[in-house]
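Undergrad: Note that the protein sequences, when read in sequence, are chains Z and G.
Start counting the first sequence at 1; every next residue gets the next number (our numbering).
Start counting the second sequence at 1; every next residue gets the next number (our numbering).
Be aware that one or more of the hints could be misleading.
Under the rule of at most 20 angstroms between Cα atoms (straight-line distance), these lysine to aspartate or glutamate pairs were calculated in the EDC-like manner [said to hold, decoys possible]:
id: 1; chain 1: G; residue 1: 34; chain 2: Z; residue 2: 335
id: 2; chain 1: Z; residue 1: 11; chain 2: G; residue 2: 19
id: 3; chain 1: G; residue 1: 11; chain 2: Z; residue 2: 15
id: 4; chain 1: Z; residue 1: 436; chain 2: Z; residue 2: 422
id: 5; chain 1: G; residue 1: 436; chain 2: Z; residue 2: 321
id: 6; chain 1: Z; residue 1: 370; chain 2: Z; residue 2: 272
id: 7; chain 1: Z; residue 1: 34; chain 2: G; residue 2: 332
id: 8; chain 1: Z; residue 1: 436; chain 2: Z; residue 2: 201
id: 9; chain 1: G; residue 1: 436; chain 2: G; residue 2: 393
id: 10; chain 1: Z; residue 1: 370; chain 2: G; residue 2: 164
id: 11; chain 1: G; residue 1: 11; chain 2: Z; residue 2: 8
id: 12; chain 1: G; residue 1: 370; chain 2: Z; residue 2: 49
id: 13; chain 1: G; residue 1: 34; chain 2: Z; residue 2: 8
id: 14; chain 1: Z; residue 1: 34; chain 2: Z; residue 2: 429
id: 15; chain 1: Z; residue 1: 436; chain 2: G; residue 2: 135
id: 16; chain 1: G; residue 1: 11; chain 2: Z; residue 2: 54
id: 17; chain 1: G; residue 1: 11; chain 2: G; residue 2: 48
id: 18; chain 1: G; residue 1: 11; chain 2: Z; residue 2: 5
id: 19; chain 1: Z; residue 1: 370; chain 2: Z; residue 2: 455
id: 20; chain 1: Z; residue 1: 370; chain 2: G; residue 2: 48
id: 21; chain 1: G; residue 1: 11; chain 2: Z; residue 2: 19
id: 22; chain 1: Z; residue 1: 11; chain 2: G; residue 2: 4
id: 23; chain 1: Z; residue 1: 11; chain 2: G; residue 2: 308
id: 24; chain 1: G; residue 1: 34; chain 2: Z; residue 2: 332
id: 25; chain 1: Z; residue 1: 11; chain 2: G; residue 2: 5
id: 26; chain 1: G; residue 1: 436; chain 2: G; residue 2: 201
id: 27; chain 1: G; residue 1: 11; chain 2: Z; residue 2: 332
id: 28; chain 1: Z; residue 1: 11; chain 2: G; residue 2: 15
id: 29; chain 1: Z; residue 1: 34; chain 2: G; residue 2: 335
id: 30; chain 1: G; residue 1: 370; chain 2: G; residue 2: 272
id: 31; chain 1: Z; residue 1: 34; chain 2: G; residue 2: 135
id: 32; chain 1: G; residue 1: 370; chain 2: Z; residue 2: 48
id: 33; chain 1: Z; residue 1: 11; chain 2: G; residue 2: 8
id: 34; chain 1: G; residue 1: 34; chain 2: G; residue 2: 59
Honestly, the hints are just simulated from the structure, not real lab data.
2 protein chains.
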Amino acid sequence: MTPEEFREYGKRVVDWIADYLASIESRPVRSQAKPGDVRSALPERPPEEGEPFEHVLADLDRAILPGVTHWQHPSFFAYFPANASGPAILGDLLSSGLGVQGMVWATSPACTELESLVVDWLAELLGLPQGFRTDSAGGGVIQDTASSASLVALLAALRRAGGEGRRRTVYVSSQTHSSLEKAGRIAGLAAGDVRAVNVDEHTLAMDPAHLDELIAADVADGAVPALVCATIGTTSTTAIDPVRRIGEVCRARGVWLHVDAAYAGVSAICPELRWINDGVAEYADSYVTNPHKWLLTNFDCSVLWLADRAPMIEALSILPEYLRNAASASGEVIDYRDWQIPLGRRFRALKLWSVIRWYGAEGLREHVHKGIALADEFAALVAADERFELRQDHPFGLVCFRPRWPGLSTADANAATLALLERLNDSGDLYLSHTKANGNVLLRMAIGAPATEREHVLAAWSAIRRELG
Amino acid sequence: MTPEEFREYGKRVVDWIADYLASIESRPVRSQAKPGDVRSALPERPPEEGEPFEHVLADLDRAILPGVTHWQHPSFFAYFPANASGPAILGDLLSSGLGVQGMVWATSPACTELESLVVDWLAELLGLPQGFRTDSAGGGVIQDTASSASLVALLAALRRAGGEGRRRTVYVSSQTHSSLEKAGRIAGLAAGDVRAVNVDEHTLAMDPAHLDELIAADVADGAVPALVCATIGTTSTTAIDPVRRIGEVCRARGVWLHVDAAYAGVSAICPELRWINDGVAEYADSYVTNPHKWLLTNFDCSVLWLADRAPMIEALSILPEYLRNAASASGEVIDYRDWQIPLGRRFRALKLWSVIRWYGAEGLREHVHKGIALADEFAALVAADERFELRQDHPFGLVCFRPRWPGLSTADANAATLALLERLNDSGDLYLSHTKANGNVLLRMAIGAPATEREHVLAAWSAIRRELG
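All chains should be built: construct the whole structure from the sequences, respecting the hints.
TA: Okay, structure coming up:
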């Protein structure tokens, strides 16, 4: 494709996306495709001859869109939001157009330096500690996901802990994201060595006293405790672990504290929410939050910061001859390949940079505020309806609730809640997901898509009440 | 940013990229930036108020481009190519615009089903075995990089091998990509347990007899051999390991055979190069190749196939409540989250699909043919000049060579070759990289950027001869 053809088709694709975004509300939120529908609508064999780009766009409408669940739909309330935005999409487009590979500084200095700059910007915007800045012993890096970031943190923690050949342990709670257990498996820990700390029955927050007991018992047993993961805003219910008290235990025991704030961390852009990071500056060895969830930056863009980058680099650096270069040898530059699992890397900083510049701190705060305000309003509606039970804590954009189902056993009530959920999602009018807390299935209403307005939240509440009958 | 603003700025970005690609030849290939140049050209602090998108584009020209090494430049001959192309960029743009998250089938069926389809298409185009198709016990998946793909293969291999708590071993050669050693470290193997098999001094291919000896000795020593990595087209010199003979050893010893064809694998799209995969159908448990290197699909797009997906899924699957859904429970669908390290995933299939449709099998073959033909022509020029020594084997687009430096010791000759390389790269006219084989520094001329024509290769050869003096 020549640059001139690219110019022509590129504009058609931009129009296609603008039209898609402008008309997204007319589509069912959750795809109504059945397994195999999309594939069977497309040719089973690749074309021998090239085809006009119009064919691709036509098949996009005909075969692909019916199989798409519209994460940017204003009535998408499932999981957590996966925000996209114009400036993010355009930053990503610039990255694709430049087609550079930032594995080391020398292979495209701008890719590394803009990344260091924007992760420092974001640290400042979120009020994160000076020690996370790239001009300190620590620094930040963009990863694909919090799963990968947590794996990198674990590998750094294992490096710092030492004790190779001995049993090494990691501490999470029942509410910690499954990616930590996955990271433990990947790093070769035995299943039982990712230890589950008790949580408070009501808040679902990790119990620091139990953490301390577990670590003491494991140490007495000859184990080497490597990492504790505290979560700010769990995936299930946005519970907040007591980072400061967990940090005190970690400090006393010499264990790495990793803070998973994948969803909620970006909300600290609002000064009144800075309290969520209490203890981070003093105790956190690593911290991850995902602009690709709630900060208007399309997937994938997860930022990991470390207070000390050295053990990570020791854990991950290998230098073959074909990557040696003068800049790396000088020690004056960052080579981000040693800050991640893969070697190659996209120029992801462009999209976060575009987003921060287009919206400014003001615009980003406004976006987060709006999600929280709508969640508060939704929660108040649920609380005011006696047929529903509201989970009280909802500091962010997620509201968990369930119908009371008077007279039903827990099992029957759970089945009825899941059936209600399926009916709602089948309607195509909105999309919710669910979780389980203390044995009860809860509906999860996660507000935060950029297109979501008050009317969509109110319409969702009407649909839920109507469907309950 | 509203859809209408996106329409406006999107077209400007498309124009910017078209202009960039059309004028790329006027820029120095390798960035001439010094450490800190890019960052110091940008504001140290994030903006409080939003800025017009024009400011982003202006800073792109002013501050970012001087720090970019132009991987799409026709005179970029370093490392391996990182092909981009119009349809790939547009496929990626569509992915960003849709903003879906394909972690499980249910979160966007099209994301999973188009991916299964295009990796099956690619398997067919490359003549890979039926057992790699997604309707078999195996299947294919798009990863970010071959590093991640090889890590996934290793985790599956460790799962199949069992022997937790015992010493487990992996077999590579001195020419294997460093990502395998990194994968071993990540998976918690001790450094010495990634074992180096001897290579043939001339071909640099792995010695299957030595592999068999090493495995036998390790087994006698109580170790559990988990994986052998054979490479088709090593990063250093594109050496080809004897896959069939290595496979015979693996079969006899019950060890997982992983084939790393990251760069060269896509060349099998040309029927006359199918021989490179001899033994893959019979013996390979996993196989990776990167369309983002030489197959016109912009980074990141690496395809991993497995002959049996079960041990990978056993190794990587964890199912929290909030991801449970009817489609997954039915067993009728693929949930690609269990085929990779991260949980979340982009709709990467769109770009590979766009590329295959726009170019067709014919166009893709033509692209690979062109790179090989230019490499052959370049190699003939080197061979004909007695001041240079050519590395004879160059089955793909990479040619390795060096000045003879009569009268210089090996150390002095190496230093002189590296100095020549720096002078060439400093000129901005072309960009080469280097490697070392049998103690000698070699220049690597990797041909395969879509914009590279005969004139660029001839100009590079002139520059090299001129600079040698």
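Undergrad: So, for every hint listed, does it hold in this structure?
TA: Results of checking the hints against the structure:
Taken as a hint, the residue 34 of chain G and residue 335 of chain Z pair is honoured in the structure, with Cα atoms around 14 angstroms apart against an allowance of 20 angstroms. Under the criterion of a C-alpha separation no larger than 20 angstroms, the hint pairing residue 11 of chain Z with residue 19 of chain G is consistent with the structure, at around 14 angstroms. Using a Cα cut-off of 20 angstroms, the hinted pair residue 11 of chain G and residue 15 of chain Z holds, with the two alpha carbons roughly 9 angstroms apart. Proposed proximity of residue 436 of chain Z and residue 422 of chain Z is supported: the alpha carbons are some 16 angstroms apart, at most 20 angstroms.
Our distance criterion of 20 angstroms between C-alpha atoms is met by residue 436 of chain G and residue 321 of chain Z, whose separation comes to about 7 angstroms. Distance restraint check for residue 370 of chain Z and residue 272 of chain Z: the Cα-Cα separation of roughly 14 angstroms lies within the 20 angstroms cut-off, and the hinted pair is therefore satisfied. For the hint linking residue 34 of chain Z to residue 332 of chain G, the alpha-carbon distance of about 10 angstroms falls within 20 angstroms, and the restraint holds. Restraint check for residue 436 of chain Z and residue 201 of chain Z: the C-alpha separation of about 13 angstroms stays at or below 20 angstroms, so the hint holds.
For the hint linking residue 436 of chain G to residue 393 of chain G, the alpha-carbon distance of about 15 angstroms falls within 20 angstroms, and the restraint holds. As the CA atoms of residue 370 of chain Z and residue 164 of chain G are separated by approximately 50 angstroms, the hinted pair breaks the 20 angstroms bound. Straight-line distance between C-alpha atoms of residue 11 of chain G and residue 8 of chain Z comes to about 10 angstroms, which keeps the hinted pair within the 20 angstroms bound. Between residue 370 of chain G and residue 49 of chain Z the alpha-carbon distance is near 17 angstroms, which keeps this suggested pair within the 20 angstroms criterion.
Annotation: proposed proximity of residue 34 of chain G to residue 8 of chain Z is violated, straight-line Cα distance about 37 angstroms (limit 20 angstroms). With a C-alpha separation of about 18 angstroms, the suggested pairing of residue 34 of chain Z with residue 429 of chain Z holds against the 20 angstroms cut-off. Under the criterion of a C-alpha separation no larger than 20 angstroms, the hint pairing residue 436 of chain Z with residue 135 of chain G is inconsistent with the structure, at around 34 angstroms. As the CA atoms of residue 11 of chain G and residue 54 of chain Z are separated by approximately 18 angstroms, the hinted pair is consistent with the 20 angstroms bound.
With a CA separation close to 27 angstroms, the supplied pair residue 11 of chain G and residue 48 of chain G exceeds the 20 angstroms bound. For the hint linking residue 11 of chain G to residue 5 of chain Z, the alpha-carbon distance of about 13 angstroms falls within 20 angstroms, and the restraint holds. Distance check on the hinted pair: residue 370 of chain Z and residue 455 of chain Z sit about 13 angstroms apart at the alpha-carbon level, within 20 angstroms; holds. In summary, the hint linking residue 370 of chain Z to residue 48 of chain G is supported, as the alpha carbons are separated by about 18 angstroms, within the 20 angstroms threshold.
Proposed proximity of residue 11 of chain G and residue 19 of chain Z is supported: the alpha carbons are some 14 angstroms apart, at most 20 angstroms. With a C-alpha separation of about 13 angstroms, the suggested pairing of residue 11 of chain Z with residue 4 of chain G holds against the 20 angstroms cut-off. Restraint check: the Cα-Cα separation between residue 11 of chain Z and residue 308 of chain G comes to about 42 angstroms, which exceeds 20 angstroms; the hinted pair is violated. The straight-line distance between the Cα atoms of residue 34 of chain G and residue 332 of chain Z is roughly 10 angstroms, inside the 20 angstroms bound, and the hint therefore holds.
Between the alpha carbons of residue 11 of chain Z and residue 5 of chain G the distance comes to roughly 13 angstroms, so the proposed pair stays at or under 20 angstroms and holds. Pair hint residue 436 of chain G plus residue 201 of chain G holds up; C-alpha atoms about 13 angstroms apart against a cutoff of 20 angstroms. Between the alpha carbons of residue 11 of chain G and residue 332 of chain Z the distance comes to roughly 38 angstroms, so the proposed pair goes past 20 angstroms and is violated. In summary, the hint linking residue 11 of chain Z to residue 15 of chain G is supported, as the alpha carbons are separated by about 9 angstroms, within the 20 angstroms threshold.
Only pairs whose Cα atoms come within 20 angstroms are accepted, and residue 34 of chain Z paired with residue 335 of chain G is accepted, the gap being roughly 14 angstroms. Distance hint between residue 370 of chain G and residue 272 of chain G is fulfilled; the C-alpha atoms sit about 14 angstroms from each other, no more than 20 angstroms. As the CA atoms of residue 34 of chain Z and residue 135 of chain G are separated by approximately 17 angstroms, the hinted pair is consistent with the 20 angstroms bound. Proposed proximity of residue 370 of chain G and residue 48 of chain Z is supported: the alpha carbons are some 18 angstroms apart, at most 20 angstroms.
At roughly 10 angstroms between alpha-carbon atoms, residue 11 of chain Z and residue 8 of chain G fall within 20 angstroms of each other, so this suggested pair holds. Our distance criterion of 20 angstroms between C-alpha atoms is met by residue 34 of chain G and residue 59 of chain G, whose separation comes to about 18 angstroms.
Violated hints, listed in ascending order, are 10, 13, 15, 17, 23 and 27; each of the other numbered hints is respected by the structure.
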